[in-house]
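The lines below spell out each chain.
2 protein chains.
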Amino acid sequence: MHISFWGRKMDTKFENVYLDNAATTMHKPDCVIEAVVNAMRTMGNAGRTSNKGAMDSGRIIFDTRLKLAQLFNADGPAQVVFTKNSTEALNIAIKGLFNKGDHLISTVMEHNSVLRPIYAIEKEQEVSHTFIGTDKKGRLLIDDIEKNIKSNTKALIVTHASNLSGNVNDLYTIGEIAKKNELLFIVDASQTAGAYPIDMKKMNIDVLCWTGHKGLFGPQGTGGLCVRKGVDIRPFTQGGTGVQSYLEEQPAEMPVRLEAGTLNAHGIAGLNAAITFIHDTGIDNIHKREICLLNRFRDGLKSLDMVSFYGDYDTDERTAIAAINIADYDSGEVSDELEHRFGISTRPGAHCAPLMHKAFGTVEQGIVRFSFSYFNTEDEVDYAIEAIRKLCLE
Amino acid sequence: MHISFWGRKMDTKFENVYLDNAATTMHKPDCVIEAVVNAMRTMGNAGRTSNKGAMDSGRIIFDTRLKLAQLFNADGPAQVVFTKNSTEALNIAIKGLFNKGDHLISTVMEHNSVLRPIYAIEKEQEVSHTFIGTDKKGRLLIDDIEKNIKSNTKALIVTHASNLSGNVNDLYTIGEIAKKNELLFIVDASQTAGAYPIDMKKMNIDVLCWTGHKGLFGPQGTGGLCVRKGVDIRPFTQGGTGVQSYLEEQPAEMPVRLEAGTLNAHGIAGLNAAITFIHDTGIDNIHKREICLLNRFRDGLKSLDMVSFYGDYDTDERTAIAAINIADYDSGEVSDELEHRFGISTRPGAHCAPLMHKAFGTVEQGIVRFSFSYFNTEDEVDYAIEAIRKLCLE
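Residue numbers (numbering that gives the first Met the number 0), protein chains in the order written: chain F, 0 to 393; chain A, 0 to 393.
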C-alpha cells in the first residue's frame with residue numbers, strides 16, 4: 000500500500016461517498032428540511048402565551064414529545080425532555096441522579112459523553128464506579144454485572160450500541176438485571192435511536208438519552224432524554240420556563256424541570272418530520288437495509304487478509320458500522336487516503352471511546368470506521384470495497 | 000373596553016402582525032434560511048477529522064466564531080463558545096466562576112435565566128448576592144453598585160437591557176466600576192446582541208452571554224458566550240471533544256473546555272449568514288429603524304390616558320420594546336384580545352422577570368409587551384395603534 004494523500008488527483012466516480020453516518024447522518028429526508036424551513040418562517044417562541052407564532056411553536060414541540068414517547072414507549076409526552084444533543088442529556092441524567100457515596104456500574108463500551116460525566120461525579124460528588132469489560136470481539140461481559148453490584152450501587156449506565164464497533168447490548172437482559180436488583184437503568188441510545196427498536200417499558204429503562212441528528216435523521220441541535228415517571232432528576236440548568244415565574248427554583252413539573260430557556264423549535268420541527276418518516280418507513284426496514292449494506296461491505300472484503308474487523312459481525316443484531324484497520328497502517332492516514340484519493344468519507348482515530356480502544360489494543364493505531372445509512376447505495380458500498388482493495392494491493 | 004376574545008370574528012387587515020420579537024425574531028433574512036438548508040444537505044459532524052462533510056462543518060463553525068469575535072470585539076475565535084441558548088451560556092458562567100463564600104452583585108432587572116442560577120449557587124455553593132434596584136422608570140440605580148461591594152464580592156452580573164421594559168444599562172460606566180474594583184463583569188446580552196452595539200474591550204466585559212435567535216436573526220438552538228482570555232470557567236458539561244480523547248477530564252483548551260458533544264452546525268451556519276446580514280446592514284441602522292418604529296408607536300398612543308408605559312422612553316438608548324397596560328385590565332386578556340380579534344401578536348404576563356414586576360408593581364396585572372423588529376413596517380405599527388385605540392374607546 001502506498002499512502003499518498005493530499006495533492007494526488009482524485010480517482011473517484013462519486014463526488015463524495017459519505018460513510019460517517021454514526022457521527023451524523025448527512026442525508027436527511029426532504030421532509031425534514033422542508034419542516035425546518037417552514038418553522039423558520041412561521042414559528043415564534045413557545046412559552047405558554049397564546050400568540051399565533053408561539054402557539055404554532057408550542058404545538059409542534061408537544062406533538063414531537065408525543066411522537067417520541069410513542070417511538071420509545073416512554074411514559075407520555077411530559078416525560079420527554081429536549082436538549083441540544085445526547086451529551087447534554089447524559090450529563091443531566093448522570094449528574095442529577097446520584098448522591099455522595101453512591102456507586103454505579105457502567106461499561107468500557109461507553110463514549111466520553113458517559114465516561115467523562117462519570118469521572119466528574121467521582122471527583123465532585125464522591126460517586127464511585129465499576130466498568131464492565133468485553134470479550135475480544137468487544138461483546139459486553141453481561142455476567143460480570145451482577146458480580147459487581149454492591150450494597151451502595153444505585154444504577155447501571157449502559158450504551159445501547161458501541162459507537163466504535165457497532166456491537167449492540169441486549170437491553171432486555173440488562174434491564175432484567177436492573178429490575179431484579181432495584182437499580183436505575185440509564186441507557187445511551189445515541190447510536191440506536193431511530194435505527195434500532197427501543198422499548199423503555201419492555202427493557203425496564205428508567206432514563207433513555209438520545210440524539211436527533213444521527214439515526215433519527217433530524218437536524219443537529221436536537222436531542223433529549225425520556226424519563227420514567229417517578230424518577231426525579233435534579234435540574235441541571237435554571238432559567239425561564241414560562242410557568243411559575245415567581246418561583247426561585249426551577250418548577251417541579253416535567254418537562255420544564257429539566258428544560259430552561261428557549262427550545263430549538265426550528266430543529267424540533269425537523270425532528271418531528273423525521274420521526275414521521277421513520278414511522279412510515281419502519282424501523283425494522285431501516286435496520287434491515289443498513290445491515291444489508293454492512294454485510295455486503297464485509298463480504299466484499301472477506302478475502303483481504305490485510306483487513307482486520309473489530310466487533311461481532313456474526314449477528315444482524317448490531318448497528319451498521321464496520322470498524323476496520325488495514326495491516327498496521329495508521330487509521331488517520333488510511334482515512335485521509337480514502338477521502339482525498341477516492342472521495343470516501345470515513346472517520347479514523349479514537350472516536351471518543353478510549354476504554355474500547357484499550358480493549359481492542361488500538362490506542363495507537365486508532366480504527367477506521369465506516370458507518371452506513373439507509374440512504375447509502377449498493378454502488379457506494381461496492382466502490383468503497385474497490386477502494387480498500389486498491390489500497391491493500393498497491 | 001369590552002374584552003371578548005375567543006370566537007369573535009377577526010377584525011384585521013393583516014393575517015398576523017408579529018410584535019413579539021423580544022422573545023424570538025420571527026422574520027429571518029432569506030440568506031439565513033438558505034444557509035441552514037445548505038448546511039442540512041452538505042455538512043457532517045465537525046470533530047477534527049478531515050472528511051469533507053466534517054471539514055465543511057468545522058470551517059463554518061470556525062468562521063462563525065471569528066465573526067462573533069469581531070462583532071463583539073472579543074478575544075478571538077477560540078474564546079467564543081457555542082451553547083443552545085443564552086440560558087445555558089448564563090448557567091455556564093454563573094455556575095463556573097464562583098467558590099464557596101463569594102458574593103456577587105446583580106440587579107432586579109434580570110431575567111430568570113440569571114436569577115435562578117444565582118439562587119441555585121446560593122443554595123449549592125453558598126454564594127451570596129445583592130440585587131441593585133431601579134427608579135420608578137425602571138432605570139438601574141448605578142450609584143448603588145459601589146455601595147454594595149464587599150470584601151468578598153467577586154463579580155457584577157448585569158443585563159444589557161431589560162427584557163420587560165427595554166431599558167438599556169450603561170455598560171461603559173458599569174464596566175469601569177468593575178475594573179476599578181477588580182470585579183469580574185458578566186453581561187447578559189440576550190436582548191441586545193445584534194440589535195445594539197457591544198464592545199467587550201471598551202466595556203470591560205469578561206463574559207458576554209448572548210442568544211442567536213433574537214436580535215442576531217439566527218435560528219433557534221444557537222447561542223453562546225464570549226470569554227475574556229485568562230478568565231477560567233469550570234466545565235459545565237463533559238463529553239466528547241474530538242481532541243485529547245484519552246483525557247478523563249474535559250480538555251483545558253478553549254473553546255472545547257466549555258463545549259461537549261455535537262455542535263448545532265446546521266443552526267450555526269444560519270447564524271453565520273445572519274451575522275453577515277447584520278454586518279452589511281449595520282447595527283446602527285438596525286437600531287435606528289427599530290427605535291423609529293417604537294417612537295411612532297408611542298407617539299400614536301400618547302393621547303390615550305388609559306395606556307400606561309413602563310420604562311424610560313425619553314431616550315433612544317433603549318431596545319425597541321413598549322411595555323404597556325390598559326387601565327387595570329389583565330395583561331393576558333388584553334394580549335388575547337389583540338391576538339384573536341386583530342391578529343396582533345404580543346406577549347403578556349410575567350416575562351420571567353419577577354423582580355422587575357415587583358419594582359413596577361405589576362405582579363398581578365402583568366404587562367403587555369410589544370417588541371419591534373427591523374422587519375416590521377410603519378403600517379403594522381399604525382395598525383397596532385389603531386387596535387389599542389379601539390380597545391380603549393369601546
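Mixed in with the good hints, there may be bad ones.
Computed list of lysine to aspartate or glutamate pairs in EDC-like fashion (alpha-carbon distance at most 16 Å, straight line) [to be verified]:
{"no.": "1", "chain 1": "F", "residue 1": "Lys-357", "chain 2": "A", "residue 2": "Glu-247"}
{"no.": "2", "chain 1": "F", "residue 1": "Lys-99", "chain 2": "A", "residue 2": "Glu-123"}
{"no.": "3", "chain 1": "F", "residue 1": "Lys-122", "chain 2": "A", "residue 2": "Asp-101"}
{"no.": "4", "chain 1": "A", "residue 1": "Lys-357", "chain 2": "F", "residue 2": "Asp-142"}
{"no.": "5", "chain 1": "A", "residue 1": "Lys-122", "chain 2": "F", "residue 2": "Glu-247"}
Which residues of chain F face chain A? A few of them, derived with a C-beta cut under 7 Å, are [what the hints assert, rightly or not]:
{"no.": "6", "residue": "Met-25"}
{"no.": "7", "residue": "Ser-49"}
{"no.": "8", "residue": "Asp-74"}
{"no.": "9", "residue": "Ala-77"}
{"no.": "10", "residue": "Pro-116"}
{"no.": "11", "residue": "Glu-123"}
{"no.": "12", "residue": "Gln-219"}
{"no.": "13", "residue": "Gln-243"}
{"no.": "14", "residue": "Ala-259"}
{"no.": "15", "residue": "Gly-260"}
{"no.": "16", "residue": "His-265"}
{"no.": "17", "residue": "Gly-299"}
{"no.": "18", "residue": "Phe-308"}
{"no.": "19", "residue": "Glu-338"}
{"no.": "20", "residue": "Arg-346"}
{"no.": "21", "residue": "Cys-391"}
Please keep in mind that the hints were generated in silico from the structure rather than gathered at the bench.
Where a beta carbon is used, it is the ideal one built from N, C-alpha and C, also for glycine.
Hints breached by this structure
Numbers 3, 4, 8, 9, 11, 13, 17, 18, 21, in rising order.
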